[in-house]
Amino acid sequence: MIRDSDFDDLAHKSGEWLRGTGPESDIVISSRIRLARNLADFPFIRRCSDEDRISIERTIRAKMDSIDDWRDVRYIDLEQLSEIDRQFLVERQLISREIADAEGSRAVAIDPSEQYSVMINEEDHLRIQVMHSGLDLKSAWQSIDELDDKLEGAILYAFHPQFGYLTACPTNVGTGLRVSVMLHLPALVITRQIDKVFRSMQRINVTVRGLYGEGSQYTGDFYQVSNQITLGHREQDLVSLVGDDVVPRIIEYERKARDFLVKQGKQDLHDDVSRALGILSTAKKISSEETMHYLSKVRMGVNLGLIDDVPVGTINKLFIHTQPAHLQKLQGRLLGSSDRNVERATYLQCHLSGKLSDGELN
Amino acid sequence: MKCQYCEKPATFHITELTEPDGPQVMHLCEEHARGFLQKEATTPAASIAGALAKQLNLGQTKQELAELDQKECPVCGISFFEFRNTGRLGCPFDYTHFAEDLIPLLTNIHDSVEHCGKRPRRAAAADSHAELIQLRREMEEAVEREDYERASEIRDELRRIEEAGSTEQHATEEEE
Ligand SMILES: [Zn+2]
Ligand SMILES: [Zn+2]
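Residue numbers (the numbering used here), protein chains in the order written: chain A, 20 to 381; chain B, 10 to 185.
Calculated directly from the structure, the hints in this document are not laboratory data. Any given hint could turn out to be false.
Label-pair restraints from in silico Cβ distances [what the hints assert, rightly or not]:
1) D120/B to E117/A: 23 to 29 Å
2) S357/A to T95/B: 54 to 60 Å
3) G332/A to D120/B: 39 to 45 Å
4) D96/A to P18/B: 48 to 54 Å
5) S101/A to A173/B: 41 to 47 Å
6) G355/A to P83/B: 48 to 54 Å
7) D78/B to M20/A: 43 to 49 Å
8) S88/B to D291/A: 55 to 61 Å
9) R164/B to M20/A: 21 to 27 Å
10) M20/A to E149/B: 20 to 26 Å
11) K215/A to K17/B: 29 to 35 Å
Fair warning: this is a prediction, and the values are worked out from it, not measured in the lab. Even for Gly, the Cβ is constructed at its ideal location relative to N, Cα and C.
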């Protein structure tokens, strides 16, 4: 493992999971699985003394160091990090908001492709997460299962024969497994079917949460589907509930809604997404929610073949790279909110305007 | 419109679709919205409070609950009251110490009380969690007062417990 506190290089690239490939990636942004694990010989984090936390961090780091194929893994001490750097890792989804805002000894190990990260001293001693592009839960499960085996070889986990892996919160006990799929559902939102679709999901042990509500000025059209329960089912079955049962159904509804929109008025739709691209590539200052709103439209336009020269990976990347800490990392200085709006516009222009003029030649 | 948590303007409007009373819209500023979205999909304290409320309806008297609230874990010192308020347990031994109190709660949350997924190849016996935590603490104290002989005795003891757990585990695997 490489101990590191300087990750400016990350600001210039993006994680594997953003590349916009993988099954169903026109609708599914990412597939994420996380496992909660605790050491058998320490209290859970809330009842830990400062010394306990230090000792947990040291113990786990030493074990991780002994993992052979972890030579390129980056190990970041979060306690020593500036707020902006922690925010950066949150935006990148490599750490949780909770661990970013916590106090005391805590850390994260990140693999070079950003497909997995392991948080130390979050709500549980260990939070292992794997993130893949598109709907790719089975291979994400395989990776995280292997990762868990590797760590287990070095660490004595708190495990109970009846209750399974023991976690600080009983909502995670058993498998400690949370599967989350991030979906882009603009057509279901436009056709006002989204609530109906999700109401039908309520009875099957999944949680749906949406960013941006109906009736607000902007809609961002992103929804996250996760398993609600963690105990009493095998990991593979929980993965399959979300990945084979629930998500494909939502995808089908979204596809139908997109078809409907195209049939109903292709010109209007084409106009709408082209204007969105126009605003993003020419605005001189733009807020982050306005950016999300228009990026969402452009993303749908790209996936419907109405915009054909912006790769979906670029759009995915822009969602992350236009967030506050990313902009400030790229600039190498702290920026106030109105400066950020100017920087964001410049950044978008630089990544989109070339494409726009190319597109107009076609 | 202002953010629900601070004075900044609410620019994010998040629909929480799993609320029992139907979809709820949260109005948040950019910063609080990001924080909110990074959190787990279910807020644990809320779902535990909900499950406990159900449990109360199922016939436990107020007095029984008051007594339960006083119950404390001998290892980490957490009381059931504190657990109920925070939604977080204090140590692995709590699952043994509060087992019968947690069972109705787990049934409400997961509709099950029996893990049937992955098992680690190496695990300490559940009833040794208390001992493991206490010995580890004693070992650290011994190191602090530079009693290295005692510390190394404890280390051996810890190793013995860990190994006992793993052989037990293997034995059950072979039986299967
Ligand atoms: Zn706020
Ligand atoms: Zn305890």
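Evaluation of the provided hints:
no. : hint                         : result
1   : D120/B to E117/A: 23 to 29 Å : 27 Å, holds
2   : S357/A to T95/B: 54 to 60 Å  : 39 Å, violated
3   : G332/A to D120/B: 39 to 45 Å : 40 Å, holds
4   : D96/A to P18/B: 48 to 54 Å   : 35 Å, violated
5   : S101/A to A173/B: 41 to 47 Å : 46 Å, holds
6   : G355/A to P83/B: 48 to 54 Å  : 53 Å, holds
7   : D78/B to M20/A: 43 to 49 Å   : 44 Å, holds
8   : S88/B to D291/A: 55 to 61 Å  : 58 Å, holds
9   : R164/B to M20/A: 21 to 27 Å  : 25 Å, holds
10  : M20/A to E149/B: 20 to 26 Å  : 25 Å, holds
11  : K215/A to K17/B: 29 to 35 Å  : 33 Å, holds
Hints 2 and 4 from the list above are not met by this structure, while the remaining hints are.
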